[in-house]
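From first to last, the protein sequence lines are chains P and B.
In the numbering used here, each residue carries its 1-based index in the first sequence increased by 116.
In the numbering used here, each residue carries its 1-based index in the second sequence increased by 106.
One should not assume that every hint holds.
[What the hints assert, rightly or not] Partial selection, computed: residues in chain B whose CB lies under 10 Å from chain P:
(1) 134
(2) 137
(3) 144
(4) 163
(5) 164
(6) 171
(7) 175
(8) 180
(9) 283
(10) 285
(11) 291
[As the list claims (entries may be wrong)] Calculated cross-link-like contacts (lysine to any residue; reagent style SDA-like; alpha-carbon spacing at most 25 Å):
(12) P:185 / B:120
(13) B:194 / P:135
(14) P:186 / B:126
(15) P:127 / B:271
(16) P:186 / B:282
(17) B:196 / P:136
(18) B:194 / B:253
(19) B:190 / P:132
(20) B:193 / B:273
(21) P:126 / B:266
(22) B:213 / P:166
(23) P:130 / B:203
[As the list claims (entries may be wrong)] Partial list, computed: chain B residues near chain P (C-beta under 8 Å):
(24) 120
(25) 126
(26) 140
(27) 141
(28) 151
(29) 178
(30) 181
(31) 182
(32) 188
(33) 281
(34) 284
(35) 287
(36) 292
Quick caveat, the hints were computed from the structure, so don't treat them as lab data.
Positions of the beta carbon are idealized from the N, C-alpha and C atoms, including for glycine.
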Amino acid sequence: MELTHPEDIKKHVKVYITVFVSLLALTVITVTISYFNLSVVPAIVAALIIASIKGSLVASYFMHLISEKKMIYAALGLTVVFFLVLIFIPLLAMSDRIH
Amino acid sequence: MEIPYTSKARPDTGLINAKLGIWLFLASEVMLFGALFSSYILLRVGAVEWPHHVLDVPLATVNTAVLITSSITMVMSWASLMMKEFKKYKIYMGATILLGFVFLTIKYFEYSHHFAIGEIPSKSTFFAIYFTMTGLHMLHVIGGMIVNSYFWGPGSKMWKTEPERFTNRIEVAGLYWHFVDLVWIFLFPVLYLL
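Kindly produce the complete structure, drawing on both the sequences and the hints.
Rendered as structure tokens:
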């Protein structure tokens with residue numbers, strides 16, 4: 117990240133604190149929702165949406181992905197593609213005739 | 107031999123080598139944990155029944171907060187170095203390491219309880235995948251704590267001779283630590299809440 121002036125860093129510190137508070141709040145929300153006894157699909161959707169928001173906050177701000185170099189985006193873009201392939205492999209098993 | 111591009115960015119990538127290196131390593135880590143999440147989905151959709159809320163949710167919620175807090179202390183340790191405040195760096199990095207210990211201690215109590223009542227990996231598919239995923243994550247926490255402890259202790263001498271390089275090292279160590287936090291952010295709902 118192109119940060120050289122202490123003043124810039126101080127501004128970023130405020131962002132870090134906001135992200136931190138948001139992460140704690142989202143944790144409380146996701147735990148609360150889990151006690152609502154929702155049926156399986158809405159429960160999974162809600163939990164995964166909240167986890168994705170939390171994950172994006174960590175990656176974007178704590179890991180500085182919001183302002184990174186192209187080379188890193190390229191490497192991570194490729195990783196996302198392969199990750200999705202990996203995650204959707206179990207769906208192939210579901211469409212298997214034996215299953 | 108001098109390692110190139112440790113403090114100045116390499117012209118073609120625009121990055122210091124260590125940063126590109128850690129991101130490539132983290133990409134491989136995404137695939138490692140991705141394979142386990144994929145296995146989890148396969149096991150779960152194939153299971154006749156799946157336990158709900160059998161793990162200690164309040165304790166794991168506390169542990170989630172502990173790990174999130176350790177992430178902000180980690181980023182603050184880097185920000186302190188960027189502001190040339192070495193003493194603050196030591197405090198924040200020390201806090202990150204201590205929070206790592208708190209996380210492991212809570213996990214120890216959780217594991218002990220499971221073992222005491224016979225909930226071991228061979229008990230069910232759920233406990234097999236629970237111990238595999240949380241165990242691997244715990245090893246990552248321990249690895250991060252070892253690196254962070256080195257940079258808090260003997261490794262911090264570099265601040266006096268090459269402050270820019272040392273700051274970059276903390277940023278890179280931080281990227282790893284935040285990744286460990288990020289994995290837990292997904293493990294927590296998947297294993298404890300759903």
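Status of each hint after checking the structure:
no. : hint          : verdict
1   : 134           : holds (9 Å)
2   : 137           : holds (6 Å)
3   : 144           : holds (5 Å)
4   : 163           : holds (6 Å)
5   : 164           : holds (8 Å)
6   : 171           : holds (6 Å)
7   : 175           : holds (7 Å)
8   : 180           : holds (8 Å)
9   : 283           : holds (9 Å)
10  : 285           : holds (7 Å)
11  : 291           : holds (5 Å)
12  : P:185 / B:120 : holds (7 Å)
13  : B:194 / P:135 : holds (20 Å)
14  : P:186 / B:126 : holds (11 Å)
15  : P:127 / B:271 : holds (23 Å)
16  : P:186 / B:282 : holds (20 Å)
17  : B:196 / P:136 : holds (20 Å)
18  : B:194 / B:253 : holds (19 Å)
19  : B:190 / P:132 : holds (18 Å)
20  : B:193 / B:273 : holds (14 Å)
21  : P:126 / B:266 : holds (23 Å)
22  : B:213 / P:166 : holds (23 Å)
23  : P:130 / B:203 : holds (23 Å)
24  : 120           : holds (4 Å)
25  : 126           : holds (6 Å)
26  : 140           : holds (4 Å)
27  : 141           : holds (6 Å)
28  : 151           : holds (6 Å)
29  : 178           : holds (4 Å)
30  : 181           : holds (5 Å)
31  : 182           : holds (7 Å)
32  : 188           : holds (5 Å)
33  : 281           : holds (6 Å)
34  : 284           : holds (5 Å)
35  : 287           : holds (6 Å)
36  : 292           : holds (5 Å)
Figure legend: structure checked against the earlier numbered hints; every hint is met.
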